[in-house]
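Let the sequences and hints guide you as you build the complete structure.
As given, the protein sequences belong to chains X and V, one line each in that order.
Going by the working numbering, the first sequence opens with residue 2, and the numbers climb by one from there.
Going by the working numbering, the second sequence opens with residue 2, and the numbers climb by one from there.
Derived from the structure by calculation, the hints contain no laboratory data.
Please note that a few of the clues may not be correct.
As the list makes no split between identical chains, a pair holds if one copy fits it or if it spans any two.
[Said to hold, decoys possible] Derived PhoX-like pairs (lysine-lysine); straight-line CA-CA distance at most 25 angstroms: (1) LYS34 / LYS22; (2) LYS71 / LYS44; (3) LYS104 / LYS22; (4) LYS104 / LYS44; (5) LYS34 / LYS104; (6) LYS104 / LYS71; (7) LYS71 / LYS34; (8) LYS44 / LYS34.
2 protein chains.
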Amino acid sequence: MPTSDNAPFAFDGLDRTIHEKARLSILTSLISKPDGLSFNQLKELCALTDGNLSRHVQVLQDAGLVSITKTFVDNRPHTTCALTGAGRERFMDYLNVLETVLKNANTSPEHSPALKPKPA
Amino acid sequence: MPTSDNAPFAFDGLDRTIHEKARLSILTSLISKPDGLSFNQLKELCALTDGNLSRHVQVLQDAGLVSITKTFVDNRPHTTCALTGAGRERFMDYLNVLETVLKNANTSPEHSPALKPKPA
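Written as structure tokens, this is what we have:
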């Protein structure tokens, strides 16, 4: 396996479990919510269907990145999803690699400052 | 399709053609090289095998993001890959969404500044 020094653009740290678009949405939604979010909140924030959300949350749970809690609220089942400690740590590592991607893409003087302001 | 306002973490702009890890490596390598890079250079920079590089470059070419030029150097075939104008534009749009991901992940006071300095 080449090291990062040999292959500066290999981005080995871009953990595929996290990098997948829907899972990146879920993790970003959860990062600022230590108490987690309900499935319904996640569905709305991430614009995911029930099936897609369940599938991706399962992948994240299997990888130890999130925990699922099932309780009852007003006699109705209520599912909450939260980042685990390990999940938080791995997500922060991933975000550091994303920063590197942006910095690398932004290195050329021709493209610095590269990023256009987002239209309001 | 929900708008970004309704689903702030859906990250609709995370174009899957670009977001795939190997293709993100290739595009980041090319962004500062208006004259393109040879296949061998790309292979090394991105730590990709011949097969993987060819497959992902093909996807990028089919999407109109890169162009391939085949020439002869010292009587040996030489393949060069470069970003197209449209490719550059779409990649810059993608990078703006990445910035949004980082900003969103960094919003909580608990995680601000969220990103640990990379170990030297």
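Handout entry: Hints breached by this structure
Key = Number 6 only.
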